[in-house]
Amino acid sequence: MAPCQQVPSLWQTGNVSSIAVGEGYTCELYEADNCTSEPYSIQSPGESDLGLRTIKRISCAQAALEKSGSLDDIHYDL
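Numbered per our numbering, the sequence shown spans residues 6 to 83.
These aren't lab readings, by the way, just hints derived from the structure by calculation. Ideal Cβ placement from N, Cα and C applies to all residues, glycine included. Among the hints, erroneous ones may be present.
[Stated by the list, open to error] Label pairs and their in silico Cβ distance ranges:
| id | residue 1 | residue 2 | range |
| --- | --- | --- | --- |
| 1 | R58 | E28 | 16 to 22 Å |
| 2 | A68 | Q10 | 16 to 22 Å |
| 3 | R58 | G29 | 16 to 22 Å |
| 4 | P13 | E52 | 24 to 30 Å |
| 5 | E43 | Q11 | 15 to 21 Å |
| 6 | P13 | S42 | 17 to 23 Å |
| 7 | N39 | P13 | 15 to 21 Å |
| 8 | Q11 | S53 | 17 to 23 Å |
| 9 | R58 | A25 | 26 to 32 Å |
| 10 | Q48 | Q10 | 16 to 22 Å |
| 11 | Q11 | S46 | 27 to 33 Å |
| 12 | P8 | E43 | 17 to 23 Å |
| 13 | Q10 | S49 | 25 to 31 Å |
| 14 | A25 | T59 | 14 to 20 Å |
Please model the complete structure; the sequences and the hints are all you need to start from.
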């Protein structure tokens, strides 16, 4: 997973009610500032309607790709 990033304050105003995770990505959402809480995992293709006001951190990464019979992780920041 990519480093845990703080979500914009816009999320905490309640103006964002859902997120969509694109094909080939996985995101974990955290309610704790330090990313130690149990994450809500959303895998692609997927959309989540969580109570996003409580989400303070997010970590997203591109899912492992199959290459020559092995899996290589590729990580990107959101």
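Against the structure, the hints come out as follows:
1. At roughly 27 Å, the beta carbons of R58 and E28 sit outside the given window of 16 to 22 Å.
2. Taking 16 to 22 Å as the suggested C-beta distance range, the pair A68 and Q10 conforms, at roughly 18 Å.
3. The supplied range of 16 to 22 Å is broken by R58 and G29, whose beta-carbon atoms lie about 28 Å from each other.
4. Taken as a hint, the range 24 to 30 Å is violated for the pair P13 and E52, whose Cβ atoms sit roughly 19 Å apart.
5. A hinted range of 15 to 21 Å holds for the C-beta pair E43 and Q11, which are about 18 Å apart.
6. Taking the beta carbon of each, P13 and S42 are about 19 Å apart, inside 17 to 23 Å as hinted.
7. For N39 and P13, the Cβ-Cβ distance of about 18 Å falls inside the hinted range of 15 to 21 Å, so the restraint holds.
8. Our hint of 17 to 23 Å for Q11 and S53 holds, since their Cβ atoms are close to 18 Å apart.
9. The supplied range of 26 to 32 Å is broken by R58 and A25, whose beta-carbon atoms lie about 18 Å from each other.
10. Separated by about 18 Å at the C-beta atoms, Q48 and Q10 satisfy the suggested range of 16 to 22 Å.
11. A hinted range of 27 to 33 Å is violated for the C-beta pair Q11 and S46, which are about 19 Å apart.
12. Between P8 and E43 the Cβ separation comes to about 19 Å, which falls inside the hinted range of 17 to 23 Å.
13. Checking the proposed 25 to 31 Å range against Q10 and S49 shows it is violated: the Cβ atoms sit about 18 Å from each other.
14. Hint check: A25 to T59, Cβ distance near 19 Å, so the stated range 14 to 20 Å holds.
Consistency with the previously given hints fails for numbers 1, 3, 4, 9, 11 and 13, ordered from lowest to highest.
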